[in-house]
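Taking the hints as your guide, dock the two standalone chains into a single complex.
Those sequence lines, one after another, are chains U and D.
All residue numbers for the first sequence refer to our numbering, where the first residue is 1 and numbers rise by one.
All residue numbers for the second sequence refer to our numbering, where the first residue is 1 and numbers rise by one.
Calculated from the structure, these hints are not laboratory results.
Quick reminder that beta carbons are idealized off the backbone N, C-alpha and C, glycines included.
Be aware that one or more of the hints could be misleading.
Which chain U residues stay away from chain D? Per the calculated CB distances, all over 10 Å, these [as the list claims (entries may be wrong)]:
no. : residue
1   : THR79
2   : ASP135
3   : ARG450
4   : ASP474
Derived CB-CB ranges, DEER-like [said to hold, decoys possible]:
no. : chain 1 : residue 1 : chain 2 : residue 2 : range
5   : D       : LEU133    : U       : LEU124    : 33 to 39 Å
6   : D       : LEU133    : U       : ALA226    : 56 to 62 Å
7   : U       : ASN398    : D       : ARG99     : 29 to 35 Å
8   : D       : THR3      : U       : ASP311    : 54 to 60 Å
9   : U       : THR367    : D       : ASP101    : 35 to 41 Å
10  : D       : ILE167    : U       : ILE134    : 55 to 61 Å
11  : U       : GLU16     : D       : GLU145    : 37 to 43 Å
12  : D       : ASN58     : U       : ASP333    : 39 to 45 Å
13  : U       : GLY262    : D       : GLU154    : 33 to 39 Å
14  : U       : PRO264    : D       : THR144    : 35 to 41 Å
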Amino acid sequence: MVLSVRRRIADIARAEPDRTALIGFDAHLCEQVLSWRDFADRVTDTADALRAALNRPGPAATALDPSTRSCAVVQAGNTVPAAIGIAAALTAEVPVFPLNPATPTAERDALLRLLGRRFAHGYLIDAQLRPQRIDLPAGACGSGQSGSVAYLLATGASTGIPKISARPGPLRYDPAWTPSLVIRQTGWRTAQRQLIVGPLYHAAPFTAFLDAMLDCNTVVLQTFFAPRWTAELMCRYAIEWLQLTPTHMREILRRPDLDPAGFPSLRAMLHTAARCDADTKRGWIELLGPDRVYELYGATEGVGVTLVRGDEWLARPGTVGRGFLTQIRILDDTGTPVPPGKTGTVFMRTPQRVGRSDYVSDQAIRTTSDGFATVGDHGRLDRDGYLYLEPRDHDTINVGGEKVNPDEVEAALRDHPAVVDAVAVAVPHGTLGSVVGAHVMLHPGASVRRAELAAHCGRRLAGYKIPKHFTFVDQIPRSAAGKIQRWRLTPHHENGATPP
Amino acid sequence: MVTLPEISKVLSAHPAVRRAEVAIVRHDGRDVAIAAAEPSEYVSGPILRNYVRKELGNDTELAGVLIVEHMPMADGVVDVECLTSAVAEGRCILFEDPRDDVERRVAEIWSAQMDVGSVGVNDDFLELGGDSLSVLGIIAAIETEFGRSLDVYEFMNAASVRRLAEILR
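Just chain D, with the same shape it has in the complex (with noise of 0.2 Å):
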């Protein structure tokens, strides 16, 4: 069982992150794990997420990283309250596993075009590291496995594997 300092201190030493802290909030009924993170350039919660997976295993259970400007601090521990806000608000994407067969099948094709090891159904394209050169292999794999055209509009407004999957549905 990876521990919340565990966490932090892999997320500490990435070359974009100053600052790193770990804390589990409430959401919808669960405990989850949520990093925020102090960045030194620009870097996306996704991308600091499955690097904490790729360095201490899939099973970590970090749910999500929120990119905040400065650490948000009460009584000198990282602010609970702030973090839990940003996920309630959708300010912090989740990580979530696919729910059918239409999103697994759309989430294989997002890891294998960008060479990403997680995709979560909501995570955001271009916050995964998504580049023009991914969006036109996505679109023609989408065409090969669901025999649908997409065009560069509609990708990239739907920008989510779930959003994607309720179009190709």
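The shape of chain U in the complex, shown without the other chains (with noise of 0.2 Å):
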């Protein structure tokens, strides 16, 4: 029976009034509890003002204009009103665009620009969920672009350029869909306690939150990543499944008082988005033991996933899985299927093509005339259908030829004691074209001498792999899904601070 986000949060609350829907922090992080039944009639009473002021006259020119359609937007923190707000407009069947309410304002016009291409008029939905009128700059009108829409994500965030991706809608509870058959494979069950990490305006955890309600969970919103506190807060609410980003698994490895009985009610931990390296893998792997850590390798697009389990990945390290309900096919340039083991862009298929969002913005999807689509990613296959990631070739960093994958310079920065985080970037170099350059955050206090982490990285690598200019910095600039930003990150390094 598929029912309307309306109707399924109100049965929901009339079968469990009293048990918990939402738990989240205000801004001195004092627990907000909201049974059921309290998140039930705050998403319907802001559900019916969004309504209103939808149908509320506006300037008569755009109020003739049958075509006039309207968006919400929300400030998308991970707070109690952001939920409320995102679960009111699916309510009243308004797209909704989560936004990151720390973005830019060059790159949140941008974003608003692009929203009106498609949509006249823009309701912006505050911590009070009053909802507002916001101007939206017309844009090139696309006019193409019809039918209906449940939400709008940002993506496109490790590359800069912003874009946005639209899921057509509304939103429909089906309990046969809900949550997909790929995210019931990770662990998932109806009515769990799930943690919620990452950022509401990230396609993962915006997912798994609406997957989550129209699902019956209990969900415990995290204001903001603090990896001791991500730990005791699965520890105190008994948390049962929860998505992490390569990022925030590997800051909780590092604590130095993580227990590896601590987290005995959880079913699953599942991590998507970024490539997560190979010892942040195995140490989740040895903390959670292999069947409870599931990794997820999937465009926001929904143009085909993978599904990979801890046991899976230990006998074959590196892999992202296997195509769940989606057949692969490894491409070469001229568009021929390549042989298992040989490298080449990566294509899929799935049945789940009725859904796949739409880019408001340009196309970034290529697809063969029959049915595959790949969003460029390189890879391989193994004999039994594996399939195994290369770094994408704008990634790649080219020393006079010789092809540098910047993963392998991170991870033997991240070996060293003194460093926390670390980005390897192509340097522009008179003679080699290129070299490797890295952006290194150190532990706070620590100091360690450039001549010392290229020695540490000798050891390690390869002699053009080693990089040639060191920059320290305070932070690492990743997207929220844990993407390094390499765009935010200026090809020269004049710009660095030193070591302490």
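Right under this line is the structure:
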């Protein structure tokens, strides 16, 4: 039986009024608990307010335009009001865009312009849950983009060009689909207790929140990431399922007080999005045991997914798993399939073609005439169909014709006791074209000489892979998904701070 | 007897097809009717083949539909050489009936679960229009019928009635 969001929330609230729906924290980190009854009431009120705002007559010119359409923008920090705002827009069946509240003005304007290509009006839902009309700069109107939208998400954080992907709507609850089959393979259970660590304006935590809400979960929203707090929340609320990024995973593993017996309630930890380095992966498999660690590789665009459990990964280190309800084909540059073991572009095909998101901005997916699609990742399959990804073309550093995988350099750097995090980038070089440069973040109070870091790398890497320039930074720019925002790192190194 | 122009006329009228041509090609020592279709949106060969069979009857001797980006032409008519090599290289799946009881039972399950009129034993599950729901339905029905449980990976790796029947045999 397929239900609207409004109906589903009402049903849960009627059946389990006193069960906890949502736990969040206010600005003073005081706990806020909402029962399903309270949650449903506040969502309904906000949805009604949004509908009322939409129906208020606007300027004559737009009111007469039958194609006038509106969207809701929610300041989507991990707060109780943000969660209610998102749920309310979905209940009102108004397309919702979760906005990073810390988006710099220029990026925010670019995103609103993208929304303006599709929608005439925007309504900002603030922390007081009052919908307020905002101006969307009118863009070149995409007349070809019809059909209703459930939600929109900003993507492309690792390339620096903002894009918005739209998910066809309206969102519905279908017991057979909510959550999707692949998520249900990762230890997910109806009415579980879930901790959401990543920000709601990012795809993975956002969709996990929608599934949680429609599948009667108790959701704990962590306001911001702090590794010790995450571990504490997992314990305190007996969390059963959570999703993390490799950055979260790395930082939690570094906690000296981490107790391997500390998460008895946890059924699974799923990580997605950014690539995870082997040491971090092994650390988590040791921490939780191989059958509680899951990794999912799949594009936001719904091209296809692969899934791998810890035990499979231990047998094939580095794999992102087998296609789940997904056929994988590796094609060379001429579009011809290549045999197992050979690297090429990863194309995938999945039944969810109808639900595939489209881009409000430029098309980023390439498709074949027989329905395979790619987001441009490179990789290879082994004989059993396990996929291994190669670094993206634009990330590979070309040192005089030698290809350097930045992941390998970064892993070597992170292996140094003084280093918290590191990014390898290409630095222009007169004769070699480029050499490897490294942005390095040290532990507070730690200090290390550049020569020592170079020597440390020299014991692990071939000569051309050793960074020739080191920049010490306070923070590695990463997107909410944990992907390194290489574009925020200039190819030059003169703006680096000196080590303490 | 349905003629080739009738088939191409029906195909060209399909909403996802911009242009279609039909020709007889020689394959495995016999003559088969093959269509080439230039789609305007995503559509698969088996779906178009079944559409023709539905419109013109199941005895329509259209063996397969090749999806092409641009209609291959030679001397003003569709390039038969091009269609012949597509069939020989397996780029155009030909309709084939089940050859034994296991294949027949599997094909019947597919047909019922996906609500597809005719299932060829080499047809690809996704190209026939299968979705997550039909995967679950087929896996459950196979468990009942053959007493063997399948997981989603096994099923998707097999992807055709013939390869699935090999696992079940």
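Against the structure, test the hints numbered earlier, and report the numbers of the ones violated in rising order. Violated hints: 6 and 7; rest satisfied.
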